[in-house]
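Enquirer: Assemble chain B onto chain A, guided by the hints.
Listed in order, the protein sequences are those of chains A and B.
Under full-length UniProt numbering, residues 1 to 337 are what the first sequence spells out, in order.
Under full-length UniProt numbering, residues 1 to 464 are what the second sequence spells out, in order.
To be clear, the hints were calculated from the coordinates, so they are not data collected in a lab.
Quantities reported herein were computed from a predicted structural model and do not represent experimental measurements.
Be aware that one or more of the hints could be misleading.
Quick list of simulated restraints, FRET-style, between CB atoms [said to hold, decoys possible]:
#1 Gly-326(B) - Glu-81(A): 48 to 58 Å
#2 Ala-84(A) - Pro-63(B): 52 to 62 Å
#3 Leu-300(B) - Ser-332(A): 52 to 62 Å
#4 Lys-378(B) - Thr-98(A): 32 to 42 Å
#5 Arg-204(A) - Leu-311(B): 55 to 65 Å
#6 Thr-315(B) - Ser-332(A): 49 to 59 Å
#7 Arg-94(B) - Glu-100(A): 51 to 61 Å
We treat Cβ as the ideally placed atom computed from N, Cα and C, and that holds for glycine.
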Amino acid sequence: MSIPTKITISSLFHRSAAPFFNPTKIPTPPHRLFFSKNITKIISSNQPVLSSPPSSSSLQRVEELPPKLQEIVKLFQAVQEPKAKYEQLLFYGRNLNTLESKYKTTENKVQGCVSQVWVRAYFDEDKNVIFEADSDSMLTKGLAALLVQGLSGRPVEEIVRVSPDFAMLLGLQQSLTPSRNNGFLNMLKLMQKKALQLYVEAKRGASPSSDVSGIGDSTSGDGGVVDSAIGGNLNEDLGHTSVLGSRGRRIEEILNKELRPTAIHVEDISYQHAGHSGVVGSDGETHFNVEVISEEFQGKSLVKRHRMIYSLLQDELQSGLHALSIVAKTPSEAAAQ
Amino acid sequence: MESAVLKLPSSLRTISPKPNLTNRTLRTATFASSASASAPSPLSTDPQLGPGSLGHLTRPDFPILHQEVNGKRLVYLDNAATSQKPAAVVDALRNYYELYNSNVHRGIHYLSAKATDEYELARQKVANFINASGCREIVFTRNATEAINLVAYSWGLSNLKDGDEVILTIAEHHSAIVPWQFVAQKTGAVLKFVNLGEDEVPDVEKLREMITKRAKLVVVHHVSNVLASVLPIDQVVSWAHDVGAKVLVDACQSVPHMVVDVRSLDADFLVASSHKMCGPTGIGFLYGKSELLSSMPPFLGGGEMIADVYLDHSTYAEPPSKFEAGTPAIGEAIGLGTAIDYLSAIGMQKIHEYEVELANYLYDRLSSVPSVRVYGPKPSRSVTRAALCSFNAEDVHPTDIATFLDQQHGVAIRSGHHCAQPLHRYLGVNASARASLHFYNTKEDVDDFISSLSDTINFFASFK
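Chain A with its partners taken away, still in its complex shape (with noise of 0.2 Å):
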């Protein structure tokens, strides 16, 4: 699974800029302490927490990594010495197209960063998602360039599935102090979760290439595990929305139509009780898992968020649907999970 699932911003964010002291690991002579050490073995160490799968330490290969920014990635590789690649990002910053202060808002500013950055996300007629950002630091505006110019033009899922093991490949972070490549991490996070706020916001109906400035509860500060809660939807929905039958795209478009969900997942689950009394006599479409993530259940017992989809399920209910599984959360439950 590519999209990280675990990932919690916060880690991200408080990493200081000292990185741990651990004499035990570095095999150089006594008074040449943590600091001289490559930073890419302390960062390495901390590895699992960066990486999608926590147990495993492989890094996303290049070949994954969408096409233009692949390309980047082997620029940095092919240039060594630490100045030539700061040149090198500079000049990448430098040609970056400046964004509109009207589109520098908190919603797209990234959050943990030293300096100022902003990121802003559309689609274009093909729905492939457009990145402009921006930077009051330069190093940082290299990066913003870099991932810019790297995921622009390319499709929702294939921006999700970015790893940010990839800052990694760049071999950036060497030259670069732990606290600026959370900047990076973040503006990476933040540009995924972009993408899939216009996803999720397109596929509501809404208007496709408006910005989504607002959208959903997001602070970045949760926008991590929320993230995946979407992303995991994103997965599931490309794989299931040929799967839900009539009735299954009802509940879904009602539940989201009153209960504005940050994330929903409606699952048929109705193959399971084949053959139960339930089922006989109707089209099939009998049990339902429902995930649903939204605000609306703020300060309402689980009872009574149960009660309200049954209640907004009414019609369903009364004709055929037999069963529902419900999960409700508010965004914030779903982040601390």
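Expert: Same frame as chain A, but now just chain B:
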């Protein structure tokens, strides 16, 4: 009274011959002309910064400074964030854990008694260091931030009412602002902030005016971690006491660098952190006048701070124990005591004099770099600056500067808001870069920094 033998750190052997050296240096100072060709500095007399300076003499005591970062000699200029520790302090911590680690105050056995003695000795050392009336006026906390929270939750919540005023400056550290925001929300007290005056120092006249009868507390820094300015605490305290208000002094940037005498300042509360004064992290202290501490309700509840515990109520211990719930950072407190020994053996006055020279040298060289703007007052005969400079370079983001300085030159400075967002907002910037020195920095460190900075600014300028 002191049962434990006061072991002087071995590194102090290098310090003791110093008095002769200083005399020699001082005599030379009167003859030599300050010869700094590139930056004429009327305030800094080079000879005190030359070979044999305090910085050169003490550097060997700090093992961490002798390393390379990214292939370059480490130049550590982030002391306002945290200071480095002499070998003696590191040894003290190690000794504690190797020889006599044991829980304090409650044990009967030998190790516990020894640990308790050393821990309480450390408290006494802190009391002596700031000239408190007694060791019971020193409450150990995790750091200065926790100490301020202690005052806020304990004194603040039970003494402030709706309409009472707390006077602060906009240059305060977040730890001196946020806890008072909590208290204001809960009690209805009002926070009032003094702005900066013309020389980028908090407007002392305005501060005086704002200390009215409605003011119950004044919270001020002694030395600003961004502006490097020094406030006249003794005056502030007398104005506050005239109207019956208390004063909480944030001495984080002063205690490590100069003589601080709480009785001559007559401060009601004073806070500082060990890690900024060559001591370990994880320990700090609150100084509070005994009558104040005695009247304050507890902050954290638990063991140690109680007298008797029943199911439905408990009675509390006397200060300072009343405010020290749970097992304290014993080793760290002892480490702080050792740090104080180390500093005292050099002498805070000596440290201060050296740092003033270094501060002036840093300021002069930094402000001569084209396109650099340094915040805070200009040093003069009457205005002393702390040995730190927050600055911005035109068209180059401080983060870019700090990154490049680190990566290409091994120079460690800080970039950001330095926990002073209101101040930065007032100055109209998002962030600044900051180089901050301590007595183990040398003139060469400053020279290295300046030449690296020029290189950095040129690098980024070429990309514009």
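Enquirer: Please test the hint of 49 to 59 Å on the beta carbon pair from Thr-315(B) and Ser-332(A).
Expert: Between Thr-315(B) and Ser-332(A), where Cβ atoms are some 41 Å apart, the hint is violated.
Enquirer: Falls inside 52 to 62 Å, the C-beta gap from Ala-84(A) to Pro-63(B)?
Expert: violated (34 Å)
Enquirer: With 32 to 42 Å as the target window, see if Lys-378(B) and Thr-98(A) comply at their CB atoms.
Expert: Since the Cβ atoms of Lys-378(B) and Thr-98(A) sit about 37 Å apart, the hinted range of 32 to 42 Å holds.
Enquirer: Just tell me: holds or violated, for the beta carbon distance of Arg-94(B) and Glu-100(A) against 51 to 61 Å?
Expert: Between Arg-94(B) and Glu-100(A), where Cβ atoms are some 58 Å apart, the hint holds.
Enquirer: Are Leu-300(B) and Ser-332(A) spaced within 52 to 62 Å by their CB atoms?
Expert: violated (28 Å)
Enquirer: For Gly-326(B) and Glu-81(A), compare the CB-CB distance with the range 48 to 58 Å and indicate the outcome.
Expert: holds (52 Å)
Enquirer: Look at the Cβ atoms of Arg-204(A) and Leu-311(B) and judge whether their distance stays inside 55 to 65 Å.
Expert: holds (57 Å)
When the structure is compared with the earlier hints, violations turn up for hints 2, 3 and 6 and for no others.
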